[in-house]
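One line per chain: the protein sequences are A and B, in this order. All residue numbers for the first sequence refer to the UniProt record's numbering, where the first residue is 1 and numbers rise by one. All residue numbers for the second sequence refer to the UniProt record's numbering, where the first residue is 1 and numbers rise by one.
No lab work stands behind these hints: they were computed from the structure. Where hints are given, some of them may not hold.
You can't tell identical chains apart in this list, so a pair holds if it fits in one copy or across any two.
Okay, derived cross-link-like pairs now, SDA-like style, lysine to any residue, Cα gap no bigger than 25 Å in a straight line [said to hold, decoys possible]:
id	residue 1	residue 2
1	Lys364	His618
2	Lys597	Leu147
3	Lys364	Asn528
4	Lys96	Val510
5	Lys545	Leu577
6	Lys364	Asn634
7	Lys364	Thr272
8	Lys548	Asp503
9	Lys96	Tyr598
10	Lys545	Gly517
11	Lys259	Ile329
12	Lys431	Pro583
13	Lys545	Gln576
14	Lys548	Phe302
15	Lys37	Phe594
16	Lys36	His298
17	Lys545	Tyr598
If you want the building blocks of each chain, they are given just below.
Protein chains: 2
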Amino acid sequence: MTNESRDAAMETPIAKRILIGEPLTSEKLDEQLLPKKMALPIFASDALSSVAYAPQELLMILLIGGLSFLAFSPWVAAAVVVLLIVVVISYRQLIKAYPSGGGDYEVASKNLGEVPGVVVASALLVDYVLTVAVSVASGVDNIISALPFLNSFRVELAVLFVIVIIVVNLRGVREASLVFAIPTYVFIGSVLLMIVVGIARMLLGDAPVAASAGYTVQAESLSQAAIILLILRAFSSGCSALTGVEAVSNGVPAFRKPKIRNAQMTLTLMGTIAIILFAGLTLLALVAGVHYAENPCHLIGFDCTQPQPSLMAQVASATFGMGSIPFYIIQAATALVLLLAANTAFNGFPLLGAVLARDGYAPKALNTRGDRLVYSNGMIILGLAAVVVLVVYQANLTTLIQLYIIGVFVSFSLGQIGMVRHWRRVMRELKALSPEAAAQESAASTRRSARAGLVINSAGAALTVFVLLIVTITKFTHGAYLVFIAIPILATLMIGVNRYYRDVEHEIAVDDSTHFGSSGDVAMVLVNRLQKPVIKAIDYALAAKHEKTFAVHVSTTKEETDELQRQWQEHRIPVQLLVIDSPYRMFASPVATFIDKYREKNGSAVVTVYLPQYIVGHWWESILHNRRSRRIANQLMLVHGVSITLVPWLLDSSELIYGRRSRPLPGQERGGRPSQVPQPKHLRASRPAGPPETADSRSDGGPPANGGGDAANRP
Amino acid sequence: MTNESRDAAMETPIAKRILIGEPLTSEKLDEQLLPKKMALPIFASDALSSVAYAPQELLMILLIGGLSFLAFSPWVAAAVVVLLIVVVISYRQLIKAYPSGGGDYEVASKNLGEVPGVVVASALLVDYVLTVAVSVASGVDNIISALPFLNSFRVELAVLFVIVIIVVNLRGVREASLVFAIPTYVFIGSVLLMIVVGIARMLLGDAPVAASAGYTVQAESLSQAAIILLILRAFSSGCSALTGVEAVSNGVPAFRKPKIRNAQMTLTLMGTIAIILFAGLTLLALVAGVHYAENPCHLIGFDCTQPQPSLMAQVASATFGMGSIPFYIIQAATALVLLLAANTAFNGFPLLGAVLARDGYAPKALNTRGDRLVYSNGMIILGLAAVVVLVVYQANLTTLIQLYIIGVFVSFSLGQIGMVRHWRRVMRELKALSPEAAAQESAASTRRSARAGLVINSAGAALTVFVLLIVTITKFTHGAYLVFIAIPILATLMIGVNRYYRDVEHEIAVDDSTHFGSSGDVAMVLVNRLQKPVIKAIDYALAAKHEKTFAVHVSTTKEETDELQRQWQEHRIPVQLLVIDSPYRMFASPVATFIDKYREKNGSAVVTVYLPQYIVGHWWESILHNRRSRRIANQLMLVHGVSITLVPWLLDSSELIYGRRSRPLPGQERGGRPSQVPQPKHLRASRPAGPPETADSRSDGGPPANGGGDAANRP
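Just chain A, same shape as in the assembly:
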């Protein structure tokens, strides 16, 4: 075991290391950066995979109005495509202006202020959770479409997949992208092929026919207003194709240089592919006559005790034949890309959490890079939240879709409005320039791009705000109100956390009153029974040469106290033992009272309380130790002038993990023979067998075996 790997091991419990892999050094951070061909599958899986459910949900809502309503679908799909184009172009501007990975959050907070900023952050956090839930639910749907016998394990499968994704992601971005590249490209390739084959068959007069083409639905008679609302609802559901577009803007720092250009190209490529797949699939579904109903029992002719195959599965089986190899490839690729789309959120959520923690809007623990250079805390929170959502909504895609998109469009809208402000400020700044500076080429180019940006982002803002209104109106009563509850709660929490940190910062800031000069120095070693850890604590207290050192025993039963005093004599412990009676059978408060009285009588002093602390090798051992000692420590820290010194006692079991213990092995007690168990090199180096110039040889020269209190001088 080298010094370095031992350092790494210290920061990582062993179980974690097996699951997650060895920690990475700083230099490796650069290697973690993504080339475009890797960035596409990582950041695009969300946006691309959403074509697996967006056409389905669009057609499904229209079908509520009856088969004739499907005639609206090309127009609705076209509107979605136009929106997608505008949003992609808008985000190209955003990436250029704010390449630090803060995305909409950064744009909104810098240009619109704190509240819009945390609202965007909250909306994004909610949406990351829903992205995981929706993607996994749709992935499971597509698996069940191919393997219907799994239908009864829908929720279990969904939860299992989330757990797998968490583990994969905790292993780090790079490995993840290798895993993700293949299915994403297979998905793009196979769905494109399916669209081409389907259109070719249609042109050759052998158009594919879906199994559900023969089913009819009982149409409700709708009022004019209800018809418009239904079309708008279909459009809203179709807009789920846009989710994930923002992922690239949040991930710019993960790109290789030139970061902005690479990110923009990836975004454009992703948008193009998404449009082709979305439009192609919708067309093919219409051609094949796919009838997908919100409630499958409303489909006349369909046995609704069976799971309804997804639109993707119906198109694939119509094009290639049910049970054919291409059918299974498409279903597998779709399911994989959907499951892996959840990964986009596992990239984005922890990054946003870290940005929020950095800005003081989230607990600082979210800004601690985990062992694999990723923000593990955020990933675990995201995964757990998604599991809760999936279990509560029983992994039902249509229900989950109702909650979705709101958050995306909240952040789209505020981000775009923020960009409009940004460009207007840039133009104001240009105007404020001196005439000479303004005449320069660079200023002219800035002015041109600011103008273009202003136009683009104004259009983006107008359109996304409009769509946000539509989405809110059409989805509010279908469950989306929950999102409108969650976002303000999260935003309020964030502002609360920020104010809290600010207050504490203010409270602990060093000011002119900085003043040293505490005096008096008393050490008290708490003793329950006389055992080696206590001996070591006394040894350390003596080594620190406090002005006064004594042992304190809280007596609850007379027998134990008498026995302790007897042993104290027998082993000739060189410190005084004070006994405090405890009428309440409590430990901490009699000691606290004793310390208070001592300080009243002898003048205030820093009182250092020594407590042995067991270090164990297995998690379950901590259930069996240290409970009382921890309670006592917490309680004594409330007493004036007290500090707590924890003297570690490494039980033998800790050797399994940390390579050391507080007690020498039996064979070593006298001769200092090397341990049978391999020890870290640097530890062996300072053993008695090592260089004689270390002070260790001093106390090991004498004959007495040294069982207790060894760690300081006999490492």
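Use these hints to put chain B onto chain A, whose structure you have.
Okay, now just chain B, sitting in the frame of chain A:
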């Protein structure tokens, strides 16, 4: 706030105190002892309440064979009564011989050895959990019998009641008994009255008729063997009337003196009442023609979408009329006594857990008396386990009854066998006496009682072993196998815990190698940013006058480090600041390496690492603090020669709870004016305004305001 109540407050977080009540002093322990009239409801609620379900389950099983099988019921019920008598008499012996409250566990482990002892303990623990589950499920059944609209909240109600019982019990035995006495006596009284009224009506020729008397069941045709098995199964289910008899033997220490005699009398009284109620209810149910089916849909004539009323409800409505006031009184008393019967387990389980912890078979945390002189940890574990069982089995009484009783009869049997051994040993010891001693009156009386005990407990052992066999055979495949999995697992865990504690005890035992003499004394204050908590830590480190004291900063970004060094200069911090670069962006391991190298170069020494620790006022604040500091402490404790000194920094919010903070209020900074917020008296006493003989006045004499590091000298 007096000194005493402040001591008490220190041991109890405020939320706990509001819910549970003020802690009790030792002297109050005597007042907690139970007079007989209180002990009966407390310890008898389990045994008595089981008559609410035992006759029902007995008749229900017989009904599987058809209406004609009800003819067996008097004989089966008589067998249960005989068994009950034998068991009660046997336990009178056990109470006399082992009055310490260890019950069957103590008898088995002292007379039969460790393994039978832990098997009994495991069986009892399992049964305590099932007692809670079965009693609550049956209680909810009886509530639903009176208020059928609650049927859809069965599980929720059950869980709610368990939570209420936990809280009531955490408040302590005494209050609990007051709450419990009334419903138990009302239950006994009203059911007795019902039996008398029912029998009187029968004798007067106006026998009560149950609503289900007209329903028939489709009888399966059974083989001879199946008939015998069915009758034995009915007997097994009827034996659930015996559960809870052992409770008194585990509770002897809670009785007033003479403990043994009072406990025996309570046991006998309880047994008598239980027999009367059990026999009376069974008789009345037969007279009224109650037909209660395992599957209500097998009852011809019954609408099985409705909840089936419990036997108690059917008898009560037949006797007094459905919806009459006595009916509701009986249902309410039955439900209450059943819900409160769970309390027996909440007395027994934590007591047994504490006994096991004392003997080293369970985590020592179970032997910590809680604030209300009860073993709160055990109660919480029991409550949670019962909730899990109730949720898993959907609070279904019939399913839960299948798991029940096994554990009771395992401990009955082993306890009785242990008693047989006990009496035989007593007789051997009497034989070994010298002839003169043996001739004395006391020896003769001992011999007489030993002979009687041997006879009684031999009969008890034979009978309970026989019943255990029957119960096992008839219930094993109906779910009881789970108990046969749980008991060995628990027993193995207990033995494992015992071996673990024994090994650790051996490992840390003081031996001849006791040796003091660690030398070298270095203090390192870890500094991230220069803030008041760090200043206080430095102040304390200086006050402890270590041989060397310096500050250590782990540098991850150059800007922060430069800023720190600038501030260090500016505030003229009187210790040297060492900067360690961290290429891994880690904190603990660079410090660990630094300490190792330091010790290699300068000779081994005790290195005291000072870490500021935030003390906060609200639980949620701990999410926002101390994460990294705790991780660093845990990791540095693995380094040779290191001890960790936690220097508490009480944030302002902590004042809400603990009455103090580390930073003086603004008004106090210069003048030492009293705080606007009331402070505990003893703290005010040693303020600068207090007696001038305290050393405090020393450092407050000078003009500099003392913002940081105040706690030692300016309390």
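Each hint, compared with the structure:
| no. | hint | result |
| --- | --- | --- |
| 1 | Lys364 x His618 | between (28 Å within a copy, 17 Å between copies) |
| 2 | Lys597 x Leu147 | neither (75 Å within a copy, 61 Å between copies) |
| 3 | Lys364 x Asn528 | between (38 Å within a copy, 14 Å between copies) |
| 4 | Lys96 x Val510 | neither (40 Å within a copy, 70 Å between copies) |
| 5 | Lys545 x Leu577 | both (17 Å within a copy, 23 Å between copies) |
| 6 | Lys364 x Asn634 | both (22 Å within a copy, 19 Å between copies) |
| 7 | Lys364 x Thr272 | neither (39 Å within a copy, 65 Å between copies) |
| 8 | Lys548 x Asp503 | neither (38 Å within a copy, 35 Å between copies) |
| 9 | Lys96 x Tyr598 | neither (67 Å within a copy, 49 Å between copies) |
| 10 | Lys545 x Gly517 | both (19 Å within a copy, 11 Å between copies) |
| 11 | Lys259 x Ile329 | neither (34 Å within a copy, 78 Å between copies) |
| 12 | Lys431 x Pro583 | neither (80 Å within a copy, 46 Å between copies) |
| 13 | Lys545 x Gln576 | both (15 Å within a copy, 21 Å between copies) |
| 14 | Lys548 x Phe302 | neither (88 Å within a copy, 84 Å between copies) |
| 15 | Lys37 x Phe594 | neither (69 Å within a copy, 43 Å between copies) |
| 16 | Lys36 x His298 | neither (46 Å within a copy, 68 Å between copies) |
| 17 | Lys545 x Tyr598 | both (19 Å within a copy, 20 Å between copies) |
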